[in-house]
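There are 2 protein chains.
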Amino acid sequence: MKRTYIKDIVPGTPCTVSGFIENLRNKRTMAFLVVRDVTGKLQLTVEKEKAPELAAIVDTLTLESVITVTGTVIENEYVKLGGREMIPESITVESHAEALPLGPDANIDTRLDYRWIDLRTEKNLLMFRVQTCFVGAMRQYLLENNFSEIHTPKLIGAASESGADVFELKYFDRKAYLAQSPQFYKQMAMAAGFERIFESGPVFRAEKSFTNKHTTEFTGFDLEFSYITSFEDVMQMEEDLLTYALSRVKQEYGEKIEELFGLPVIVPEKPFPRMKLADVYAELRERYGYECPASEMGDLTTDAERLTARLAKEKFGHEFLFITDYSAEKRAFYHMRDENGVPQGYDLIWRGVEITTGAQREHRYEILKKQAEEKGLGEDVRFYLEFFRYGCPPHGGFGLGVDRLTMLLTGLPIKDAMFLFRGPNRLNP
Amino acid sequence: MKRTYIKDIVPGTPCTVSGFIENLRNKRTMAFLVVRDVTGKLQLTVEKEKAPELAAIVDTLTLESVITVTGTVIENEYVKLGGREMIPESITVESHAEALPLGPDANIDTRLDYRWIDLRTEKNLLMFRVQTCFVGAMRQYLLENNFSEIHTPKLIGAASESGADVFELKYFDRKAYLAQSPQFYKQMAMAAGFERIFESGPVFRAEKSFTNKHTTEFTGFDLEFSYITSFEDVMQMEEDLLTYALSRVKQEYGEKIEELFGLPVIVPEKPFPRMKLADVYAELRERYGYECPASEMGDLTTDAERLTARLAKEKFGHEFLFITDYSAEKRAFYHMRDENGVPQGYDLIWRGVEITTGAQREHRYEILKKQAEEKGLGEDVRFYLEFFRYGCPPHGGFGLGVDRLTMLLTGLPIKDAMFLFRGPNRLNP
Chain A
10 MKRTYIKDIV
20 PGTPCTVSGF
30 IENLRNKRTM
40 AFLVVRDVTG
50 KLQLTVEKEK
60 APELAAIVDT
70 LTLESVITVT
80 GTVIENEYVK
90 LGGREMIPES
100 ITVESHAEAL
110 PLGPDANIDT
120 RLDYRWIDLR
130 TEKNLLMFRV
140 QTCFVGAMRQ
150 YLLENNFSEI
160 HTPKLIGAAS
170 ESGADVFELK
180 YFDRKAYLAQ
190 SPQFYKQMAM
200 AAGFERIFES
210 GPVFRAEKSF
220 TNKHTTEFTG
230 FDLEFSYITS
240 FEDVMQMEED
250 LLTYALSRVK
260 QEYGEKIEEL
270 FGLPVIVPEK
280 PFPRMKLADV
290 YAELRERYGY
300 ECPASEMGDL
310 TTDAERLTAR
320 LAKEKFGHEF
330 LFITDYSAEK
340 RAFYHMRDEN
350 GVPQGYDLIW
360 RGVEITTGAQ
370 REHRYEILKK
380 QAEEKGLGED
390 VRFYLEFFRY
400 GCPPHGGFGL
410 GVDRLTMLLT
420 GLPIKDAMFL
430 FRGPNRLNP
Chain B
10 MKRTYIKDIV
20 PGTPCTVSGF
30 IENLRNKRTM
40 AFLVVRDVTG
50 KLQLTVEKEK
60 APELAAIVDT
70 LTLESVITVT
80 GTVIENEYVK
90 LGGREMIPES
100 ITVESHAEAL
110 PLGPDANIDT
120 RLDYRWIDLR
130 TEKNLLMFRV
140 QTCFVGAMRQ
150 YLLENNFSEI
160 HTPKLIGAAS
170 ESGADVFELK
180 YFDRKAYLAQ
190 SPQFYKQMAM
200 AAGFERIFES
210 GPVFRAEKSF
220 TNKHTTEFTG
230 FDLEFSYITS
240 FEDVMQMEED
250 LLTYALSRVK
260 QEYGEKIEEL
270 FGLPVIVPEK
280 PFPRMKLADV
290 YAELRERYGY
300 ECPASEMGDL
310 TTDAERLTAR
320 LAKEKFGHEF
330 LFITDYSAEK
340 RAFYHMRDEN
350 GVPQGYDLIW
360 RGVEITTGAQ
370 REHRYEILKK
380 QAEEKGLGED
390 VRFYLEFFRY
400 GCPPHGGFGL
410 GVDRLTMLLT
420 GLPIKDAMFL
430 FRGPNRLNP
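As you go down the protein sequences, you meet chains A and B in turn.
If you read the first sequence in the working numbering, its first letter stands for residue 10, the second for the next number, and so on.
If you read the second sequence in the working numbering, its first letter stands for residue 10, the second for the next number, and so on.
These are calculated hints, taken from the structure and not from any lab test.
Hints should not be assumed to be uniformly reliable.
Derived BS3-like pairs: lysine-lysine, alpha-carbon spacing no greater than 30 Å straight-line [as the list claims (entries may be wrong)]:
| # | chain 1 | residue 1 | chain 2 | residue 2 |
| --- | --- | --- | --- | --- |
| 1 | A | K184 | B | K285 |
| 2 | B | K179 | A | K11 |
| 3 | A | K285 | A | K265 |
Among the chain B residues that face chain A by a calculated CB cut under 10 Å, a handful are [what the hints assert, rightly or not]:
| # | residue |
| --- | --- |
| 4 | N35 |
| 5 | K36 |
| 6 | Q140 |
| 7 | S157 |
| 8 | S190 |
| 9 | C401 |
No experiment lies behind these values; they were computed from the predicted model shown.
Don't be surprised by glycine CBs; every beta carbon is placed ideally from N, CA and C.
Looking at chain A on its own, in the form it has when it is part of the complex (with noise of 0.2 Å):
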């Protein structure tokens, strides 16, 4: 018989289920199992001395087992769980589960070692659907705007922006570098007359961070657009993308999430605030009292960042932030500077933690040459200049971290807000 999601039983007429063993209480005369698919829980209820053959199947069965069960669902207002129960006739064993390793007060270690199993709740479950969701959501979206999809290479030749924090490989008989960012093939698009292209891609950090959310390893959301006249269309357009994905994810998710995680999903309003760099740490230091190093000025703390959710709360209403000028030092040497040398780009900042960097990028060749050698990069950036020296439109673009989203919408840590999180320390399973 073909399986039935548990979700779509229709009591009284016979079906088949399949799922893990959640629960198994095997007493003298009776054993009741709570079975668990993709789509909720339901009880088994077997009589022993009625069905024999089905209790010494059931006396092998362990607690994660998987089984296939057909048999007939009744309403039985003494079951907890919806109500129902299924009286089966008959019991597969699909697959057979040792003691379990690890009990459900695990330490993060131990739950990263047996992420298969750490990952078999509704909670994890849900938060892979509202990912699906919500990069399924940006990816409609591009596509409904004229967008392509695009795959770059993650094997590159020269050690990409700065040559710190970067992974080397043997390439052959020669040295190739792991992609920290699709950026520079984002823009060669942009130099080929693709126009508007988006790409989803693992993107590589060599970086020694041991926080709550960074990892060496995680999924980027980028995306280069040409023509447009400065980065305020580039804030534009990331606006329309995450207030189009929320809506999705608050209208597919939003209940869900509220009662699993205890977090609203909430629909930005559109324009999202902004504010200049120097004016968020003025207002920091007016309504909090935080001081910034003034060496520190140029770029935004990871303190100052943390504060900045409560700014936006008070004085937008706000969960996001748009926060510009920047430093020219701080900043990409690829970002476009106006004629008083502030960079033409943006941080982005949702629940006090920056998701993005944008900007309108330099496009003409001989200003990009000089802010790469401006910064001390050389042969490194040769081939990336190479794009702009036979035409290429004015564009720009922005990145997301799909696991700081994920992170964010959920409130976990990263190391659990990842399918397999990656660290100096983590490269298993």
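Following the hints, position chain B against chain A.
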């Protein structure tokens, strides 16, 4: 003025257009330019005496420079390009192009060196639109069929399936490897109870192959799903997926593909034909006199693979062919085998090229462990075998190469069908 796509221009109404200069004839009294955007081409006509300031700008222009032009488009039956031309009122030079470093007859290596210029053709733009459509349609189909998207790590701690053909890298104080496929982690998601997942992402192969279809990095599209009863379920899923995606491609781009690439898009009939490997060899011998060396009968040889295009067409009137019953010796240890030791999997051939390997997987720990040991795999797959000790549903899946699909849809060799090809001697740009 907001930019208008060339395809959306309404003659008689002033508009602004941006694009690359594809053609430039600067005569004594008149200048004719052709500007190209992502939607089409437009002639600009400058009467130099009437517009001396525009004439001065035109004198500075070069082929492939990027300009923004404002003016009114008029109909003119003498103009070849759609019978219309723009009389510009203003021209802004967005980016000045140097003399192009390659001509239209450049060889493939030069073209790849300057890939961003090489990509600036209607064919190449179309190719990535088509790929976007194909992959987007596959994702949509899967989302509608309860699949979630996951992102599995590309940095792994053990040398994956065999240790051969794997890239090794320095990971802080130890070694790491680049994933040759998401296979093990897709299956981990099954052990985690995700039931149905897909992933699109890069796949790395350290193969020193120099063919028209191999590359060291490509985009994989992989899926895996639980509670199947045989690999027939996997083949059906793949038929449904490909038929859906090809219908969409045909509908949106079929005519354009036929026009530019000379290839029809054929939406396949279901079910796709299925043949056992031994029967394929028997028919190839009988029909085309192909004799396979006895030592290679357990797998499909490259010559036989090519010939199956003809076989599928002449025997079944079909472009696709599922081939089953390979020898266990030639198949991965994780393919389930029947009681006679026959692997429960298949290859799918399209137009004479293998595009997929699929199978029901062995989910029973003891049998899987034995099959790994028989292949001499020990330490490297130990982490993977753990996934099956604590309960795992029966499952199966397959993987597709996105670039190979694109190659077959367009009839181009792999180097031309990727955004940026990577091979043993090719790591730039």
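Here is what the structure says about each hint:
no. : hint              : result
1   : A/K184 <-> B/K285 : 43 Å, violated
2   : B/K179 <-> A/K11  : 49 Å, violated
3   : A/K285 <-> A/K265 : 36 Å, violated
4   : N35               : 17 Å, violated
5   : K36               : 23 Å, violated
6   : Q140              : 7 Å, holds
7   : S157              : 5 Å, holds
8   : S190              : 14 Å, violated
9   : C401              : 5 Å, holds
In this structure, the earlier hints numbered 1, 2, 3, 4, 5, 8 are contradicted, and the remaining ones agree with it.
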